[in-house]
Every structure is written in C-alpha cells, then in structure tokens.
Amino acid sequence: MSVLPYAVAAWLFGVGLYGIATSRNFIHLVGCLGVCQSATYVLLLGLGYRWGSIAPIFYDHPPGTPAVDPVMQALVLTDIVVGATLTALLLVLTVQAHKRGGSLDPEKLRPMRAGRKSGRSQDTSRGDEAARGAR
Amino acid sequence: MTILLPLLLLFAAISGTAVVLVRDPNRQVFAIAANGLVLTILFDALQAPDVALSELAVGTAAVPLLFLVALMAVRANASGEEP
Amino acid sequence: MSPRFRIALLVLAGLVLMPAAAQVMAALPPFGSTIARYGARINAITPEARHVANMVSAINFDLRGLDTLGEEFMLLAAITGTVVLLRGRRGEGTTGRAMRLPGRAVIPRSDAVVLGCRIAGPLTALFGLYVVLHATVTPGGGFQGGVILASGTLLIYLGEGYAGWRDSIRSHWLDALEGGGALLFALCGLVPMLTGAAFMQNILPLGTFRDLFSGGLMLVENLGVALAVTGGFTQLFLEFMEETREAEEPDEPGEESA
Numbered sequence: 001m002s003v004l005p006y007a008v009a010a011w012l013f014g015v016g017l018y019g020i021a022t023s024r025n026f027i028h029l030v031g032c033l034g035v036c037q038s039a040t041y042v043l044l045l046g047l048g049y050r051w052g053s054i055a056p057i058f059y060d061h062p063p064g065t066p067a068v069d070p071v072m073q074a075l076v077l078t079d080i081v082v083g084a085t086l087t088a089l090l091l092v093l094t095v096q097a098h099k100r101g102g103s104l105d106p107e108k109l110r111p112m113r114a115g116r117k118s119g120r121s122q123d124t125s126r127g128d129e130a131a132r133g134a135r
Numbered sequence: 001m002t003i004l005l006p007l008l009l010l011f012a013a014i015s016g017t018a019v020v021l022v023r024d025p026n027r028q029v030f031a032i033a034a035n036g037l038v039l040t041i042l043f044d045a046l047q048a049p050d051v052a053l054s055e056l057a058v059g060t061a062a063v064p065l066l067f068l069v070a071l072m073a074v075r076a077n078a079s080g081e082e083p
Numbered sequence: 001m002s003p004r005f006r007i008a009l010l011v012l013a014g015l016v017l018m019p020a021a022a023q024v025m026a027a028l029p030p031f032g033s034t035i036a037r038y039g040a041r042i043n044a045i046t047p048e049a050r051h052v053a054n055m056v057s058a059i060n061f062d063l064r065g066l067d068t069l070g071e072e073f074m075l076l077a078a079i080t081g082t083v084v085l086l087r088g089r090r091g092e093g094t095t096g097r098a099m100r101l102p103g104r105a106v107i108p109r110s111d112a113v114v115l116g117c118r119i120a121g122p123l124t125a126l127f128g129l130y131v132v133l134h135a136t137v138t139p140g141g142g143f144q145g146g147v148i149l150a151s152g153t154l155l156i157y158l159g160e161g162y163a164g165w166r167d168s169i170r171s172h173w174l175d176a177l178e179g180g181g182a183l184l185f186a187l188c189g190l191v192p193m194l195t196g197a198a199f200m201q202n203i204l205p206l207g208t209f210r211d212l213f214s215g216g217l218m219l220v221e222n223l224g225v226a227l228a229v230t231g232g233f234t235q236l237f238l239e240f241m242e243e244t245r246e247a248e249e250p251d252e253p254g255e256e257s258a
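Chains as they are written, first to last, in this note's numbering: chain A, 1 to 135; chain B, 1 to 83; chain C, 1 to 258.
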C-alpha cells in the first residue's frame with residue numbers, strides 16, 4: 001500500500017507513453033497524452049496525502065487540525081485548467097494537419113512542403129507561389 | 001476507509017489504460033470522460049476538493065466536448081472534400 | 001521510423017527507466033505517512049496571517065501568486081494560439097449552420113430538453129458564481145468556477161440551438177474578458193509597487209476569517225482569473241464549434257479574406 005499511488009502514477013505514465021508511441025490517430029494520441037498528464041496529478045496528490053488528515057480548508061475545522069499538503073493541490077489545480085487549454089491547442093493542430101494532409105495517421109503524414117497540392121484552392125495558389133520563389 | 005483509496009487508485013489505473021486501449025477516437029471520448037470521473041472521485045478521497053472540482057469541470061465536461069467537436073470538425077472536413 | 005522499431009525503442013527505454021523508477025519509489029516517503037514541511041508550515045501560519053480558510057487559494061493567489069501569474073499567461077497564450085490557428089484560416093463571419101454534418105438528420109429539440117436547459121442554465125451559472133466568489137472560504141476559486149461558468153453557456157447551445165448560442169455569445173466580449181482578466185491579475189501585482197510595497201504584496205484589508213470578504217488582494221486576483229478562464233474556455237468552445245461549419249459553406253464571404 002505504501003507505494004501503490006506511486007506505482008499507479010508510473011503505470012499511467014508508462015501506458016500513456018505506450019499509447020503515444022503506437023497511436024495511429026492524432027486525436028487518440030492527444031487522449032493518451034492526457035493519461036500521461038493524469039499520472040502527474042496522481043503522483044503529486046499521493047505525495048501530499050497523509051492518513052487521518054482533513055482537506056486544507058479550515059472552515060468546519062479550526063486552524064491547527066492536521067491537514068494534507070496544500071502546495072501539491074495548488075500545483076495540480078492550476079495544471080488541470082491550463083492543461084485543458086493546451087489539449088485544445090493540440091486538437092486544433094490536429095484538425096489543421098488533417099486539413100493540410102488529409103489524414104490523421106502519424107505514419108501517413110508527410111513533411112509540409114511549399115508547393116504541395118492541397119485540397120483547398122487558396123492554399124494551392126499560395127503554395128505554388130512559394131514553390132516558384134523557392135526555385 | 002483504508003480499502004477505499006487503493007480501490008480508487010486501481011480504478012484510476014484501469015480507466016487510464018482504457019483510454020489508451022480504446023483505439024477508435026469516437027469511443028475514446030467516453031473513456032476519457034469516465035477517466036475524468038474516476039479521477040474526480042479519487043482526488044476527493046485524497047482530501048483535495050479544490051482539485052476534484054477542477055477535474056470534474058475540465059475532465060468530464062470541457063475536454064470530452066473539445067474532443068467531440070474536433071472529431072466532428074475532422075469529419076465535416078473529410079466529407080466536404082471527398083465529393 | 002517503422003512502428004516495430006519504435007516499439008523496440010520504447011521497450012528499451014522502459015527497461016532502462018524501470019529500475020530507476022523503482023528506486024525512486026522506494027526512496028519516496030511511504031504513502032500517507034508525512035507531508036512536506038513547507039505545506040505543513042503554510043497550514044499552520046496562513047489562516048492567521050492572511051485570514052483565509054482555503055489554503056489552496058491562499059497559495060495560488062498570495063503565497064505563490066507569481067506562479068499563478070505565469071499560469072495565467074500560459075492560459076492566455078494557449079487560447080490565443082488556438083484562436084489564431086482557427087480564425088486565421090476561417091475569418092470572422094458568423095452563421096447559424098455549424099455543428100451539423102451533411103447527411104445526418106437534424107433531430108428537433110423536444111420541449112423537455114428546452115425546459116431542462118432553461119432551468120439548469122441559470123442554476124449552473126449561479127453555482128459557477130458561487131464557486132468563484134467563495135474562493136477564500138470553501139473549495140473553489142476562479143479556475144474551477146470559470147470552467148463551470150463556461151460550461152454553463154453550453155446549455156444555451158443545447159437548449160436554444162446553435163444560432164441562439166451564437167447570437168448570445170459575442171466573440172469580442174470574450175476577447176475582452178480573457179485579456180482583461182489577465183490584465184487585472186498583472187495589475188494586482190503592479191499596483192502594490194506604486195504604494196511602495198513589493199510585487200503582489202497583499203496591501204488591501206484582509207477582512208475577517210471565514211467571511212466572504214477575506215483575503216484582501218486575493219479576491220481581486222481571483223476575479224481576474226475567473227474572468228480570464230470563463231472568457232477563454234467559452235472562446236475555445238465557440239471557435240471549435242465554428243470550425244465544424246466550414247465544409248458545408250465553402251463560399252463563405254469571410255473565407256476568402258483569410
């Protein structure tokens with residue numbers, strides 16, 4: 001029991017990494033990254049926990065009652081919210097990659113090159129100009 | 001009380017694994033939401049109500065929604081290009 | 001890199017890192033035995049020093065306020081990046097026809113859903129406001145309450161449809177909310193310097209312990225975070241949903257200017 005939270009955190013991180021390495025879909029990959037992220041939450045909160053302590057909020061209990069570590073909670077709390085916006089940013093990059101390359105599979109994604117034909121007319125014209133400039 | 005925390009930790013491990021193993025993104029969204037719910041209960045049991053509230057709002061509502069809309073954007077994009 | 005090679009690399013890395021992780025786990029204090037001394041000191045001192053009951057808010061907005069300032073601007077940067085990426089290609093036109101896939105039937109909303117959303121929407125907003133305002137007293141604060149408020153706006157979409165949602169949410173207001181919140185937080189750091197105090201020093205009256213108005217400057221910072229998170233997340237939802245309309249209207253006027 002004394003190492004279970006740490007083991008769970010390590011497992012979550014490992015399994016998330018496995019998912020990232022083997023993923024064939026960028027949206028699935030972003031989800032796996034979220035699992036890696038949740039490993040840090042479990043680790044930090046596990047480190048800050050103490051048996052028989054109250055939550056670090058001294059409203060019902062008078063100050064001085066043994067409470068768990070509030071620093072870890074403050075770390076995790078902000079990280080969850082900021083992490084969600086970063087997830088959104090990654091999802092947007094995924095959608096854009098799909099628009100440019102027409103695929104969500106990391107294996108099929110090719111490096112973006114100027115002049116590559118895209119599905120959208122405005123891109124093609126812009127890309128052709130860039131290609132001409134490169135030549 | 002002593003049995004509750006190990007149980008929740010194991011649940012968290014299982015639901016996190018489920019998120020990775022569900023390969024179809026359309027179904028993975030539900031695994032993500034379930035994982036968020038399990039983590040919420042775990043954080044509450046770890047005496048972190050602030051974090052639980054945050055995870056509840058983000059992990060079970062906001063993030064799955066963003067995933068769903070991103071999937072829809074991809075599908076709308078794909079169906080717009082094929083015909 | 002072939003998939004098989006990648007797996008082999010992952011297994012190799014795992015084999016190398018596993019003993020290290022095991023060693024670290026053995027060296028960490030056993031779960032539940034003790035907490036870090038810093039946290040224990042904060043628990044002991046802060047209720048009297050800052051007159052707040054919620055230690056987590058006290059750390060976020062006062063003791064480690066500088067870190068939260070960084071988080072706040074990370075949030076701003078991530079959302080700005082998202083909006084630039086989405087809006088840059090699409091333009092700023094509005095339409096009622098998003099969140100629909102061609103070929104999928106549009107199911108009319110039942111009256112029960114509309115009624116449920118109209119009842120639940122204000123309640124959710126009220127709960128979000130409660131969570132925001134009681135940051136220094138009970139669990140809650142700008143980060144959590146902001147996300148709840150932003151999620152509450154989605155009930156407008158569920159109840160009134162996309163056009164109704166789009167009409168009631170003004171993108172420019174959200175920009176102002178988000179940037180204004182971050183600005184308010186930064187000002188909370190800078191204004192004390194005008195009076196000769198340190199950056200982000202708590203110069204406002206601290207109020208009474210366990211009261212709604214306790215914590216002084218923390219309340220203002222909390223409000224800044226709440227504004228930024230509410231604006232930011234609603235902006236994210238809005239921009240993501242706008243993204244789904246593109247394929248059906250390729251000759252959207254805003255599109256060419258992008």
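It should be emphasised that the hints constitute simulated quantities derived from the structure, not laboratory data.
Where a beta carbon is used, it is the ideal one built from N, C-alpha and C, also for glycine.
Do not take every clue at face value.
Incomplete in silico selection of chain C near chain A, CB under 8 Å [unchecked claim]:
(1) 5
(2) 6
(3) 8
(4) 23
(5) 27
(6) 38
(7) 48
(8) 49
(9) 68
(10) 74
(11) 186
(12) 187
(13) 232
- Message: Going through the numbered hints above, which ones does this structure break? Give me the numbers in ascending order.
- Response: 1, 3, 4, 5, 8, 11, 12
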